[in-house]
Amino acid sequence: MKPSNAFLAALVQRGLQAVIVAVIVGVVSFAMMQALPGDAAYRIAAGRYGYDMMDAAAADAVRAELGLDRPWFSQLADWLGALVQFDLGRSLVYGTPVIDEIATQLGFSLLLAAGAVVTSLLIAIPVGIAAGLRPGGWLDRLTLAMSIFLRAIPAFALGVVLVLVFAVQLKMFPVAGFRGPEHLVLPSLTLGLGLAAVSNRVVRDAVVQSMASEWRLFARTKGLSARLTVIRHVVRNAALPVVTYVGVQMAYLIEGVVIVETVFAWPGIGHALVHAIFGRDIAMVQGTALTLGLIYVALNLLIDLACRGIDPRGRST
Amino acid sequence: MLKRLCAATLAAALTLPTAANSDDAKTVTVVAPWEVASYDPAVSGFAIQKLQIMENLVDADETGALRPGLATSWEASVDGLTWTFVLRGGVVFHDGTPFDAAAATNALTRAWKQPGVLSKAHVTGISAGDGSVVFTLEQPFAALPALLAHATTIVPSPTSFDAEGKPNALIGTGPFKVSAFTPPQSIDVARNDAYWGKAPAIEKASYLAAGRAETRALMAESGDADIVFTLDPSGYARLGSVDKVKTVAVPIPRVVTLKVNAGHPFFTDPRARQALSMSINRAGIATAITRFPEAAAAQLFPPALNKWHDPDLPALSFDIEGAKALLADLGWTAGDDGILVKDDKRFSILLRTFPDRPELPLIAAALQDMWKEVGIELEVSVANYSEIPAGHRDGTLHVALYARNYGLTPDPVGTVLQDFGKGGGDWGAMGWENAGVAKALSDIAATSDDAARAANIAKVTGILHAELPLIPVVWYQHTVAISSGLKGVVIDPLQRSYGLSGMSWDE
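Chain order of the listed sequences is B and E. Each residue of the first sequence is one higher than the one before, starting from 1 at the first, in the numbering used here. Each residue of the second sequence is one higher than the one before, starting from 1001 at the first, in the numbering used here.
Pulled out of the complex, with its shape left as it was, chain B reads as follows:
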């Protein structure tokens, strides 16, 4: 099999997976929204008009406008029918096209996720390698203690502490918002520190394992210097679990950083999804869940490809 065929096969497989994910996620999120207690028309009216303006008459108007009293299968069929034409519909609360909202918010979420992962890798890789090369040494023990500490602090509290130090006292970075690259620093650092707390240990363990392996002994025996052994063999072998782990982190970051987004007033998709669920904005929930599902598929594909690039054993020559 040629490498290009293998690549193509991976793409086709993930493409099929994407279609299945789209349908399942759409149907399941629809079912979950239907199963929630409370009258959707009231919730949507509340989300739209706010507590000063919302009343039972507004809820009735919303019910009539959106056809919420139609049977569920008719509503679901409408959504699936539109989806086939790549139309995610309009937000039930804001009236704007779902695709526009998702495009804006996902862009910012990806930016923040990338910032966080880069920050975490900049910290975790050097720290993890240094600790892994001398397991049980003072650095290893110190970083373990630091990792536990950072992991134990909620992201929200860590964010506020960083803001107090770097924004309010030192005035190095802004507190919140998303105007310039400087706004990316503190939220990235907040998330990056939390991620690095775990990933530096993953790096460290991978390095310890590689260092203890027979192939490393072989490399040294065949005459490679300690430095070259680490660079050529240890890093490459240790990279596999780390890349996979970073992929998992990426997925977590894109959907799960609601608190950090809120603290830093960052217009991300996690925050938007939570609001959509509260507001019973079914179209937004389905669209967002669908997008996140597809991103998982894409991330898996990227991780597959990256691992294939790092590990020559899977490739045929």
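Source of the hints: derived by calculation from the structure; they are not laboratory data. This one's a predicted model, so the numbers in the text were calculated from it and none came from an experiment. Some clues are possibly wrong.
Claimed, not checked - With a straight-line Cα cutoff of 25 angstroms, these simulated BS3-like cross-link-like pairs (lysine-lysine) come out:
| hint | chain 1 | residue 1 | chain 2 | residue 2 |
| --- | --- | --- | --- | --- |
| 1 | E | K1345 | E | K1372 |
| 2 | E | K1026 | B | K171 |
| 3 | E | K1244 | B | K171 |
Given the structure of chain B, go ahead and fit chain E onto it with the hints provided.
Below, chain E without anything else, positioned relative to chain B:
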């Protein structure tokens, strides 16, 4: 989809540095908790109006006095059923589209067809006259001009809608025009140099929605924000000692109140509602939770509503023994666990509230404690606020705790009429009706004669105070932090405007 997404990520990445370059020191940064995600005046009008992007036919100053906006004058026919609003000439929207009777009529008709304030006026038609807009009503409603000052009756340009009539842009006539909109977090505005009125001094402003009170306080402290609205008590206290930041608390016509289902067998007798009221330690709640001791609600309408607040009414009292005596009069006796019992029924009730205003669940917990003192068992349900009108509609509500804004429009009669008129209201009386109040309110709505109104208002406030269909708890203070470099800041108790057009930088 993927292409759009890539484009959006790239755009997000690329606009970051460029936005920073244009972000010079002259931009006024406004930070508040409210997110803006829609182009629809019915949904986002409150923010569009506050940022002075779109305007109303009728404007109001910070005392609530009406003044001309996009209409220069207005008058009602002798029978009070036809209102004519004469429109200002020579006004253009931000994109150059002329403002005319057709544009105003379309915008107001749209507002009328949607849930909103115009439903209170029994409008039967809105039509375009010669340089004017004509409203026809089913019955006289003197406060119609006040409704046209509300955030949902702002006038967007005809070009703010797509082919299906859905709003898709924020184009108005106001002193500021939108330069960037990132829903739900921010709106950037720039001075509209073609504005019909006095040109603002500041050139640019930026609105950022920051949901967490900690974030807002920190932004004020670091100087990232120039004017910050709605601070939590600890942030307010802390900012009081920060140089270069001035804090103000302005009383506003919003009140935390309890809605009691007077149709429920426990509460049909006014003495039961009085007992509930007397067992509330308002001073304690105002001191410990909302932290403005002077804002313990002595009556329903706060002093900020000067025409409706009656300084002569005796303040609602805190009297546990009195409350116990009233309940005993009603036949309640303490059971084994201290909870009152009558006819084998325990005095156990459910209170519905919501977390959007963080003080509400805290006040609910305080009430739970206070009412236990007199033998009432209170269960608290913190959920979506729509549970309150839903519970009103299906009759399952016992007691609800929420914040009601009587300053939605400069003249509150529309809101009061909706809350206490015939049949009560979703956010007002439940299972309680008083013919005298209903009559007085419809008389107030029908006349603009101040003396006649005052007599009827006194009647309404007196009856509400004695009968307590709503039990007021605390009044609100609007807390604001202002950068000391900013001059001409006027905090509007009606919250219609951030007052950007009157601000300037201290040179």
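Taking the hints in turn, this is what the structure says about them:
no., hint, result
1, E:K1345 <-> E:K1372, "holds, 16 angstroms"
2, E:K1026 <-> B:K171, "holds, 19 angstroms"
3, E:K1244 <-> B:K171, "holds, 15 angstroms"
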